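In order, the protein sequences belong to chains A and B.
For the first sequence, counting from 1, position 88 maps to 820 in our numbering; every step adds exactly one.
For the second sequence, counting from 1, position 58 maps to 693 in our numbering; every step adds exactly one.
Only true hints are included.
Mimicking DSS-like on lysine-lysine, the simulated pairs with C-alpha atoms at most 27 Å apart in a straight line are:
1. A:Lys1134 - B:Lys787
2. B:Lys787 - A:Lys810
3. B:Lys1017 - A:Lys870
4. A:Lys810 - A:Lys763
5. A:Lys1075 - B:Lys647
6. A:Lys810 - B:Lys1017
7. A:Lys759 - B:Lys1017
8. B:Lys1031 - A:Lys810
Don't read these hints as lab results, they were simulated from the structure.
In this text, all values refer to a predicted model and were calculated from it rather than measured experimentally.
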Amino acid sequence: MATDRTYDAIIVGGGHNGLVNGAYLAKTGLKTLIIERRHLVGGAAITEELHPGFLFTTFSYALSLLRPDIIQELELVKHGFKPLLMESTFAPMHDGNYLLLGQDHQANIAEIRRHSKHDADAYAQYSHDVNRVCRAIKPLLDNIPPDITSRDPEELIRMATLAQHMRDLEPAVLHNAVRLLTGSAADFLDDYFDSEILKATLASSGIIGTKVGPMSQGSGLVLLYHKMGEHDGDQSSWAFHKGGNGGFTQVLARAFESYGGEISLESPVATVITSNGRARGVALEDGTEFKADIVVSALDPRRTFLELVDPGELPSDLVENISRFRFQGTSAKVNFALDGLPKYPALGNRGDQFRGFTNIGPTMDYLERAFDDAKYGWYSKQPYIDACFQSTIDPDMAPPGKHVMSGFIQYAPYDLKGSDWDTERETFGDTVQAVLESHFPGFGDLVLHREVVTPLDIERVVGLSEGNIFGGEFLAPQMFFFRPAPGWNQYRTPIEGYYQCGSGTHPGGCVMGAPGKLAAAQILKDQQHS
Amino acid sequence: MVRYTAFHDRTKALNTTELWSHWAGYLAADRYQLSEKFEYFAIRNSAGMFDTSPLYKYRIQGSDAETFLAGLLTRNIRKCRPGNAQYTIWCDDNGFIIEDGVIIRLSETEFLLSTAEPNLAYFEDRIGRLQVIIEDISDDVAALAVQGPRSKTILTELIPDVAGLGYFQSTEAKIGDAPVVISRTGFTGDLGYEIWVKNDHGLAVWDAVAQAGERYGMLPFGTTALLMARIEAGLALIDVDFSSSRYAWTDADRTTPLELGLEWMVRDIGDDDRPFVGRRALLREMVAGSRWKLTGLLIDWRNWFEVYDRNGLVPPKDHLPNGSESILYDATDQPVGYATSLMYSPMVQRHIAIARVQPELVAPGNQLNMEVTINHTWQQVKAQTTRMPFYNPPHKTA
Chain A
733 MATDRTYDAI IVGGGHNGLV NGAYLAKTGL KTLIIERRHL VGGAAITEEL HPGFLFTTFS
793 YALSLLRPDI IQELELVKHG FKPLLMESTF APMHDGNYLL LGQDHQANIA EIRRHSKHDA
853 DAYAQYSHDV NRVCRAIKPL LDNIPPDITS RDPEELIRMA TLAQHMRDLE PAVLHNAVRL
913 LTGSAADFLD DYFDSEILKA TLASSGIIGT KVGPMSQGSG LVLLYHKMGE HDGDQSSWAF
973 HKGGNGGFTQ VLARAFESYG GEISLESPVA TVITSNGRAR GVALEDGTEF KADIVVSALD
1033 PRRTFLELVD PGELPSDLVE NISRFRFQGT SAKVNFALDG LPKYPALGNR GDQFRGFTNI
1093 GPTMDYLERA FDDAKYGWYS KQPYIDACFQ STIDPDMAPP GKHVMSGFIQ YAPYDLKGSD
1153 WDTERETFGD TVQAVLESHF PGFGDLVLHR EVVTPLDIER VVGLSEGNIF GGEFLAPQMF
1213 FFRPAPGWNQ YRTPIEGYYQ CGSGTHPGGC VMGAPGKLAA AQILKDQQHS
Chain B
636 MVRYTAFHDR TKALNTTELW SHWAGYLAAD RYQLSEKFEY FAIRNSAGMF DTSPLYKYRI
696 QGSDAETFLA GLLTRNIRKC RPGNAQYTIW CDDNGFIIED GVIIRLSETE FLLSTAEPNL
756 AYFEDRIGRL QVIIEDISDD VAALAVQGPR SKTILTELIP DVAGLGYFQS TEAKIGDAPV
816 VISRTGFTGD LGYEIWVKND HGLAVWDAVA QAGERYGMLP FGTTALLMAR IEAGLALIDV
876 DFSSSRYAWT DADRTTPLEL GLEWMVRDIG DDDRPFVGRR ALLREMVAGS RWKLTGLLID
936 WRNWFEVYDR NGLVPPKDHL PNGSESILYD ATDQPVGYAT SLMYSPMVQR HIAIARVQPE
996 LVAPGNQLNM EVTINHTWQQ VKAQTTRMPF YNPPHKTA
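One chain only, chain A, in its complex shape (with noise of 0.2 Å):
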């Protein structure tokens, strides 16, 4: 049935990146509605009470890459914008020691000359290379890329200026950048370090949420992506979001709806509608229907193209394209509340390790084996963890001296060969909770209650294609000039009035806002040119 309901842009799907791409629209002045298909919005980015008293950070579990720029222009600030420090990163080890990172520079140095004298002074120069190369690389980050495809004018200056940036860089600098880029995380770490806990520790950033091992080429590109986060200027560096992810986007939303802006929640959307090329609004699965000039999918590619509108209107080489857009979801989720912090014994009663990342996975060989059972179809048998302990950052996160633990898990891949993850869900819960029992004795008479959250999990709930956490796999051929597919990195789609804001388009996933916040400004400025 229709109705009236017309707006100047629906935004398809809730998720931090809908919220941004929503908020600048509405700012503008365009009238604006973002359609959600679950009771809350937040996409991937939700807190969720699991357990009465205990709040998780369901699925994504960081404030890790948002830009800055978003916090000011949206003025996250006046809707309640807290990012809280996550002092230090504790690798435990299988013979009992341990590495502890923190915030201090001079006690860093002497816990790594605890393993090694030679990282010491290697740790600095490899942070201070990685800045370099990320300074040199935000900018790409904050722009619309360059139509490879184009002989536009415009799009000849943006390759030119492109070039002109790159030229501009000191060679050591571009040379790291391309050594990232596309080689392997342990090659890139190998080159600096002696110390295996240190480049295993190091590694994990080359492997969060990607089908590659730490030693597989690419997995550099993955490790530089998650070091392009700032906390209050420290590269590199993330935080924990008040109340956790969810609290971020219920920010996200404040600031939209105090530009106008309106959610319609519990709205599952089943097409965009079309007429002559071009968009003209939404059609829900109840048959309400929403008219506006402007549609925005916020959702991955493969539901932008081939599921939201029909596939034959648009050009097989693009269809083509995104059929083969890798997803291959490999990361799980398993959360914890707990009577109370668990102990390391080489800590003795000390619990302050926990408020950070926590990060399981001692040596380069114990990741590249953890990938190597997801090469073949199954999850690692001793699966890499990175924990956080929200609830010592976050007090409101957990009921007075009892805990939340959100444990990101790899791999788990979303192909399961020989058997499927409903059947497997608990399998695996028992045994990433092997893994934590044998780090931290004890852990198992902790736990109050446990959510395994499996790719296919992610899936259902969150609506991300194969459960791939960053809306589609970052590899090389589907990045910048080709995130999601060559001649469509522009957030436009060939269906006129229709474009893309989700993880799937340039830069990509993360909680970072900045495809949202770039196909705004593509919108906004094809609207000053229609």
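Let chain A serve as the given structure and place chain B on it in line with the hints.
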């Protein structure tokens, strides 16, 4: 010789960094752990405890105590009833600030004043014929600040009356066997309390508070975190934002309350006939105008980025307070003020500073340029005047 506060047995064990400052002759922890910022977040997000014992503490009592203080303090102490506290200052005859402090009125005839610098001689010289005894109890009384959104919940477990204590109210109570005075005061701009206790009960009180706070994520915090919080709270600090007129060499180094944003303290001066020190000078200044006015300064985030980026640098966002002065310029490059206490505020997500500007520029929203030193050159970044406090959560006064 450096002295130890009554809490030292605990603070020493907790201070894993072994970083200490000397404060009024006492050891004071800079920070207890590797990250002062984590301690700061405890203040803003859960609760923190701070050993504020090195403050000078004076017990002022006698039948003329109110009269004495009314003639000494710039703010009208007669409006401070027993069970209340005031942030106050005292000036010299020229209306320049000597110092500031917090005064708690324990009864009609008894007050407790805490200050950063020693003041006994100055106070005693002004007693004259009045029936007043001033006792320096600095070395006998310890002070423990408990600050942050969860401080009320934590302290209510020990002292149920805390739940009903309003902003700048105080009460006498007991923690275990220890008699204490507790005031809803602090230097963080957050919900918070200060507990005043005799030294011999100090450790017992520290332990009781620490135990009550453990489940709520409370942490001990050092002076660095305190000094971050106080800038966000817009609270001026002696020897950083202003100097005591007693020890200044020139008037350029002196500040009046009207210049330091404390007009509100003397707003009722018209219907208050107290002959307090500095009164006539302040009345003159109200007519003639002030040299400066205090304002908050918000640094333009985009311009901060651009200026550093242009210089090939990653724009610093340093949460550590920078106490050195930066000159402020108007659009015609004329110097029109100076900023003190610059920092990157995690709560505001901007660089903020406490500044003095020419009176006509004090309205919020005025565009100025602040001098910064980059790559050994003087450069300017855009900044805008704003009201303080920069961070003012509803729970501070609720």
